[in-house]
Amino acid sequence: MEIVTYVFQYVIFFYTFFLISFYILLAFFAYFNNVRHRLRYTEKEENILKMSTDIAPGISVVAPAYNEEVIILDNVRSFLNLEYPTFEVVIVNDGSKDKTLELLIDNFDLEPISFPYLQKLHCQPVKQIYRSRNPEFSKLTVVDKVNGGTKADAINAGINIAKYDYFINTDVDCILSKQALVRTMLPVLGSKTPVIAVGGTMRMVNGCEVSHGEITRVRPPSKIIPLFQETEYLRSYLVAKMGWSLFNLIPNVSGGFGLFKTDIVIKVGGYDPLSHAEDMDITIRMATYMRENRKKYKIIQVPETCVWTEGPPNLKVLQRQRSRWGRGLFQVLAVHRKILFNPRYGRLGMIILPYALFFEFFAPWIELTGICFLIFLLLTRQVNFETFWLMLILVYMIGITFSIVTIAFDLTIRKLYRKNREYLKLILFSSLEAFLYHPLIVIFSLRGYWQFLTRKNFSWGEMTRQGHIQSSSAPTSTTTT
Amino acid sequence: METIEYYYYYLATLFTGFPLVIKIAVVLILIMASLYVISWFSIGKGFYNKNVERRRKKSLETIVENIDYLLSTEDVVSEQEILSRLEIGNPVKEWKKIYLSEYLMYEIDLRPVNESNLATMIGILGLAEYWENQLESGDVTKRWRAIRMLDSMSDFVPASVISKHATLSREGVGKYAKAVFTKFESHDAFKFLEEDLGENLSDLDKLRIHNSLKERPAEEVLPHLLRTAMNTTNENYQQFLIKEIGFLGRTDGVDALIDLYKSSPNANVRAEIVHTLGNLNFQEALPVFIKDYNFVKPIVQDAIIDAAGKIGGKESLDFLEKIYHHAPNKETLIKILMNIYKIEGIGTPVFNRLKAQNKNGFNNTVFSFVENQHI
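Residue numbers (the working numbering), protein chains in the order written: chain A, 16 to 496; chain B, 15 to 389.
Next comes chain A alone, as it looks inside the complex:
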């Protein structure tokens, strides 16, 4: 038993050591990447692209909707208000049981059209395709299909309709920044290596003011869970993904907002409806396809905020979201196991997936066993309190250091919150994250692993929508099931 205790302590320590070392390196890489990005792409380049109506590549914005009557109108308006020379908006109504489709038909003056629908990617049957009689909404196409039970199935239907070389995969509960398309397309144009996917930074809409589908005032969320998520998201995008992006090591372009090369997605068979993490799965399959065909590729992250999404407002929804992410990670590692540690797949097999395995998949296990072990040591009076406090400080500092680094990065990119104290609020809450929020994430992730192992059936997209805070009115709240 003594040997087990001894070895386990060292394993935990060196695991933490490597984790912190990776984070420190990522923070430095992210810093350089942020600086480089800001140097290359400014408002000047954005304006050049916006004016180039004749040669700007077209983008299809594809957004599935399932029971989204509370927010559908505002968000579709936000899509239609995007500033980009050539784009279309494809909304996929995935068999909603509420008034999502009726609201779209009434408010955007839609009528059914004859459309030569070609099923390039597998999905549930499409019932009808609608376009607007009103030229103001000529960019909008609405696809009404039989519910497929997953976002992947709906997005595949959208890709079957999409007419441009690139598409944005987003959710209809997301509000896009007006410049989102320009900002994600610029690095595609600026790269000499073909870019197959671009991720944008995502923030919480909870707390922001929205008017006619546009964010008019950015604020940190007022509720505690989305507030923790705001820092968590920013940490993931501005430190982790920006750092990985410098070496083309991005493991996952988020399902909330990502630009993809349409033909590559079609070649890899589209999104997998059976996947619980369809975004990570498609990113890995696209990278695998490029590696196997010996084609050069890049996956890029942009630091600017491109999208605002409604974060889980309560524990129940957070639990559902994180358990799904946990199931998804487990599934991705299981499905793509042949790539793990396989030198044939280069950095994908030797860095990206091993990192995901050791520092994302194992992390909740190690944290849980670590806590259990600590309790055991406390009960058996084997704790050396001099080193205990040192190690506790070490672990606590991981969270607060990288949160504040993130907030500092965010400020250098663009000051979105009007008041300084709103940033201070974010910093204050990030210092409590280790005690109040992180343990929950560990439990929910482990629950997801358990669900995956016990093969339970799952559905997607059921979330209590809060509605957005309108600039001049009170927030609305409706529950959709």
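Please note that the accuracy of each hint is not assured.
As the list claims (entries may be wrong) - Pairs of lysine-lysine residues, derived as BS3-like cross-links and limited to a Cα-Cα distance of at most 30 Å, are as follows:
id : chain 1 : residue 1 : chain 2 : residue 2
1  : A       : 276       : B       : 344
2  : A       : 282       : A       : 178
3  : B       : 257       : B       : 328
4  : B       : 64        : B       : 107
5  : B       : 311       : A       : 282
6  : B       : 324       : A       : 178
7  : A       : 59        : B       : 228
8  : B       : 111       : B       : 72
9  : B       : 344       : A       : 154
10 : A       : 440       : B       : 72
Said to hold, decoys possible - Pairwise CB distance ranges (calculated):
id : chain 1 : residue 1 : chain 2 : residue 2 : range
11 : A       : 231       : B       : 386       : 33 to 43 Å
12 : B       : 213       : A       : 357       : 28 to 38 Å
13 : B       : 101       : A       : 311       : 51 to 61 Å
14 : A       : 231       : B       : 91        : 37 to 47 Å
Stated by the list, open to error - Quick look at which bits of chain B chain A covers, simulated, 3 or more residues with Cβ under 8 Å:
id : stretch
15 : 42 to 50
16 : 343 to 350
It should be emphasised that the hints constitute simulated quantities derived from the structure, not laboratory data. Backbone N, C-alpha and C define an ideal beta-carbon position, used for all residues, glycine too.
Position chain B against the provided structure of chain A, taking the given hints into account.
Just chain B now, with coordinates in the frame of chain A:
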């Protein structure tokens, strides 16, 4: 250095005899604590800079109002009056030059302005000289900022300001400088276009060159584009140049592209030539394309279908009707029907005849779709 050494040895003695893990933990804590403090400092600096920016902006409110007047008025205002209106002091502080440059360039992009007054203001404020100096800076951030500013001011500064930089530097700022040079040089604007501009071009570089070429008269640009397209060995650059020829809307001398079409082994280059000649409505090219249709790659075939639709006429229509019956896939079928439908006058009767032959199934949907597309 001695102080650092002192503290290093001091810390080392403190931890003498401690296990390795403790030493590592202390080092990690120190690194993270440093990052923590630096981040706080950076956040504080960010807040401070924003406040300074706000105050400076406020202090320039009256000057900005006067600038707005000078840009909006139709009167050409004398240098003396502009000087007295701006009341900006001499020498003009660096931050004022940066702020006012940004403001002026933003206004130029936004609305039509009184160019004479603008040129006088740029001269009085010494903006062109300031950004020219910045272009020589050792700091790459300053150089990028400077070239962007000079690009916006290109109508008001001599091309010689950036020609040195364009000649010396091949990457990044240098490539941008070459594009700007092409935009506003009066004597030898296309020298970089014909020399080495094509090396390692990204699509963003192409976008910048495209915007520069748009600013010059088509008859001046066309011979240079044609000559470079015919002689370059860089197929990526060749494709770009051919596409640019299409945007000029002129056909003098473009028959040379047919020779290039016949000799080029690259399908992408050939497809680009077909698109360009289609956009230029160059009828002489049609027989060559029709003759080649069955022997070229799908990307070129698709381009030929589109070109036939754009060029139009009986020959195109007969060709499209013929290949309609042998379309290899549904996407090509839709493309062919769309092009038949858009051939003015004679396209619609053929379209209706084909529609009458396909009253059921997928093809019928295609016909309705094509008709709706053109409503």
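Legend entry - Structure-inconsistent hints, enumerated in ascending order: Result: no hint breaks.
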